[in-house]
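Start from chain A and add chain B according to the hints.
In the order they appear, the protein sequences are chains A and B.
To convert, take the position in the first sequence, counting from 1, and add 3; that gives the working numbering.
To convert, take the position in the second sequence, counting from 1, and add 278; that gives the working numbering.
Hints are all accurate, no fakes.
One side of the interface only, derived from the structure: several residues of chain B facing chain A at Cβ under 8 Å:
no.	residue
1	Gly327
2	Pro335
3	Ser363
4	Thr441
5	Arg443
Hints are computed from structural coordinates only; laboratory data are not their basis.
No residue lacks a Cβ here, since even glycine has one placed at the ideal position from N, Cα and C.
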Amino acid sequence: MGQKRELLSLVGVSVRDKVLDSFSGAVSDIADGATIAVGGFGLCGIPEKLIAALHEAGVRDLTAISNNCGVDDFGLGILLANRQLRKMVSSYVGENKIFEQQYLSGELEVELVPQGTLAERLRAGGAGIPAFYTATGVGTPIAEGRETRDFGGRTYLLEHALQADFALVKAWRGDPLGNLVYRDTARNFNPLAAMAGKVTIAEVEELVDVGELDPNQIHTSGIFVQRIIKGTDYAKRIERIVLAGARVS
Amino acid sequence: MDDARTRIVKRAARELADGMNINLGIGLPTLLAEYAGGLQGVMLQSENGLLGIGPYPQPGQESADLINAGKETVTAVPGASFFDSAESFAMIRGGHIDLAILGGMEVSEAGDLANWMVPGKLVKGMGGAMDLVNGAKRVVVMMEHVNKAVESKVRRECTLPLTGRQVVHRLITDLAVFDFTPAGMQLVELQEGVALEQVREQTEARFSLAI
Chain A
4 MGQKRELLSL VGVSVRDKVL DSFSGAVSDI ADGATIAVGG FGLCGIPEKL IAALHEAGVR
64 DLTAISNNCG VDDFGLGILL ANRQLRKMVS SYVGENKIFE QQYLSGELEV ELVPQGTLAE
124 RLRAGGAGIP AFYTATGVGT PIAEGRETRD FGGRTYLLEH ALQADFALVK AWRGDPLGNL
184 VYRDTARNFN PLAAMAGKVT IAEVEELVDV GELDPNQIHT SGIFVQRIIK GTDYAKRIER
244 IVLAGARVS
Chain B
279 MDDARTRIVK RAARELADGM NINLGIGLPT LLAEYAGGLQ GVMLQSENGL LGIGPYPQPG
339 QESADLINAG KETVTAVPGA SFFDSAESFA MIRGGHIDLA ILGGMEVSEA GDLANWMVPG
399 KLVKGMGGAM DLVNGAKRVV VMMEHVNKAV ESKVRRECTL PLTGRQVVHR LITDLAVFDF
459 TPAGMQLVEL QEGVALEQVR EQTEARFSLA I
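Chain A with its partners taken away, still in its complex shape (with noise of 0.2 Å):
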């Protein structure tokens, strides 16, 4: 560990810099009208910890870039249920009845994004590439009125980078650098969104010291967070528990 710490001196990293160890500090920047991007796919991969923060800061107006909504009381839902989104960059979003009546009142704003443009917009975002094409879409209503080019006979739909002021993400394991490794489908939509953030939160079930995680299996490097936190009692809720010899019909 000394000759780990005496190399991170040299190239002047301060190691520490990045850990934090209260979850309402590590939000308490996120101010109202902030536009933030978060991770995971249902309630699979998301920052649970810094949600639940958000939501007992209790700021308002929050543009939220994320591929679902959570339920009626987890996951983004529980942001919703408080009146704290303004608007939703999503592409399915059927989870959840506090959703649909803040929708229908026009309380709450949506843009339907397919889920592989969003993916891309979102690494666009991060990657310094303002915008691109894809044939996703054409033909479709998410296609009018909007701009389009052809490519070798086949036409394609213009779709711009998303960059987020914070974005908050779930990982298995993280080092003081913000060096972070998923486990499993639990990788979703995070790393993106840690691209796109211009301030990453990232929260981690273990944080573990400089130079334990194999550099070859990091799949964020630390380069695209800036905090990083631990936390603990994770619910890990499950949407839909199906076992073996189950029969879906």
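Okay, now just chain B, sitting in the frame of chain A:
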């Protein structure tokens, strides 16, 4: 499952072949997963970041970190890989998925598909369907031939908002199988016990015969 749906599933299962990378949509297509087990080298892709979906877990083995695109707990087969959503859709959009099988609300004679929104009802979102129909090498739709009001879902033009235009290669219903070719829509098979006359009566779309 009723007779119509059973017939659709059984016929659709024959679209799966050795060595394919396949994405199965939510709902009826998910039931095809059990047929993949009998084939060699088939990998099922789940757009939330898994190539190599395995069976549902044994009790106690379920994990919040391992789900399919329908948000159900699953397992991963030996040789499976995990990836993020951008890489997942690079596979889909980039033409690396051999076969995508989706459910449908309406299909037109030009091979247009509508399966994501009904005006006047709550719009839940298109999820990955628009990416899949434009990216997979082959797109097969499975759906009931008529709706509850016994109106044809196989139409000259879709009345519902589209998921994709001219994207369907094959349509499998409880009455027949159709292909969409440069020569137009063709009836290629009748389901067992179904008469051509019945298909004609319940199909608004114009099609030619290739049986």
